[in-house]
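A.B. asks: Count the sequence shown with mature numbering (1 follows the signal peptide of the UniProt record, and there is no 0) and you get residues -26 to -1, 1 to 261, in order.
Derived from the structure by calculation, the hints contain no laboratory data.
There could be a bad hint or two in this list.
Calculated lysine-lysine pairs in the DSSO-like style (CA-CA distance at most 30 Å, straight line) [stated by the list, open to error]:
id, residue 1, residue 2
1, Lys239, Lys195
2, Lys80, Lys182
3, Lys92, Lys224
4, Lys200, Lys239
5, Lys159, Lys200
6, Lys182, Lys239
7, Lys224, Lys182
8, Lys195, Lys113
9, Lys223, Lys182
10, Lys239, Lys113
11, Lys113, Lys159
12, Lys92, Lys223
13, Lys195, Lys159
14, Lys80, Lys224
15, Lys113, Lys200
16, Lys159, Lys92
17, Lys239, Lys223
18, Lys239, Lys159
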Amino acid sequence: MFIKHKYAATALLAGLGATASIPAPAATWSDAMVGYRVGNDFHDPGTDDDIRKHIVQFSYVGGYSYGQNYFNLDVLNSDSADPANGSRNGATEFYAAYRHQLHLGKLRDTPIAFGPVKDVAITAGLDLQTKNNTFAPRKRMFVVGPTLKFDVPGFLDVSLLYTQEWNHCGLPACRNVPGFSTDIKFDPYPRLEAAWGIPFQLAGLPLKYQGFLAYNGRKGKDYFNKQTGRETLFRSALMLDAGQLAFGKKNTFLMGVGYELWRNKFGNRDIPGVDTDTATLNVEFHF
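Could you build all of it, start to finish, from the sequences and the hints given here?
C.D. replies: In structure tokens:
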């Protein structure tokens, strides 16, 4: 199973690499980051056991003349409470997300500004996920819709997205549901997505409050012919710019504490392990 998972992860990364190799306008600004976070109270559907996860993060955001690109890859390593298929060792999950914003104000040389909004964009993107546990998910998700870009220190983007999702269930029980398949195409659903990074000073300390919110509507029935639930993921962190404080180099080394709330994870409901509340310790290196 490890070999199969290894090949799946390789295919996922190769596909993203092929996308990234397509010629694009030169970036006018960029920020690349390698991060790490750890928490002790994660949960996954199917068990109420607390799961310790070590998460390595790779992300890139860059602007060009008409918009911006964002890519993020999380590699999540669980402890033995969330085992890999056929193993006592913890499972490994890869979750990649890509978003492209086309800024309408840049297309017309005049920002579409009103009230607290400084511009409007069209966002399109995809999520890809794989994990080597018994469920063996292979999530693919496409999103498209408008984004409001708010006039704040740092950034605050709020998007309303049309979403289409496909996935896979490797459990034996998924093969025994009449009229259903181990591979599923969910109903389209609305997704409210927000991302922010707000720098501020407190008692002379350079701080940043950053985070991500996703609220998903119902997406029809799941592999077991059960109605899915509305899903909420809230992930935030208060970060200290330690590099600026120690070496006078802004946005190079950040450390802080985070919090993750997840309700009805992946649309599951009325089963153990669908809700998470956990604190995290976070470290980021930017270059």
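A.B. asks: Would you mind marking each hint as holding or not holding in the structure?
C.D. replies: Do the hints match the structure? See the list:
This hinted pair checks out: Lys239 and Lys195 have alpha carbons roughly 15 Å apart, not beyond 30 Å. The suggested pairing of Lys80 with Lys182 holds, with an alpha-carbon distance near 27 Å, which does not exceed 30 Å. At most 30 Å may separate the alpha-carbon atoms for a hinted pair to count; Lys92 and Lys224 meet this at roughly 25 Å. Pair hint Lys200 plus Lys239 holds up; C-alpha atoms about 15 Å apart against a cutoff of 30 Å.
A threshold of 30 Å between alpha carbons decides the hint, and for Lys159 with Lys200 the separation of about 14 Å falls inside it, so the pair holds. Proposed proximity of Lys182 and Lys239 is supported: the alpha carbons are some 27 Å apart, at most 30 Å. Of the supplied pair hints, the one linking Lys224 and Lys182 holds, its CA atoms being roughly 11 Å apart against a limit of 30 Å. Proposed proximity of Lys195 and Lys113 is supported: the alpha carbons are some 16 Å apart, at most 30 Å.
For the given pair, Lys223 sits about 15 Å from Lys182 by alpha-carbon distance, which is consistent with the 30 Å threshold. With a C-alpha separation of about 13 Å, the suggested pair Lys239 and Lys113 falls inside the 30 Å cut-off, and the hint holds. Using a Cα cut-off of 30 Å, the hinted pair Lys113 and Lys159 holds, with the two alpha carbons roughly 10 Å apart. Taking the CA atoms of Lys92 and Lys223, the gap is about 29 Å. The hint holds against a cut of 30 Å.
Our distance criterion of 30 Å between C-alpha atoms is met by Lys195 and Lys159, whose separation comes to about 10 Å. Taking the CA atoms of Lys80 and Lys224, the gap is about 28 Å. The hint holds against a cut of 30 Å. For the hint linking Lys113 to Lys200, the alpha-carbon distance of about 18 Å falls within 30 Å, and the restraint holds. The straight-line distance between the Cα atoms of Lys159 and Lys92 is roughly 37 Å, outside the 30 Å bound, and the hint therefore fails.
The straight-line distance between the Cα atoms of Lys239 and Lys223 is roughly 38 Å, outside the 30 Å bound, and the hint therefore fails. At most 30 Å may separate the alpha-carbon atoms for a hinted pair to count; Lys239 and Lys159 meet this at roughly 17 Å.
In the structure shown, a violation is registered for the earlier hints numbered 16 and 17, in ascending order.
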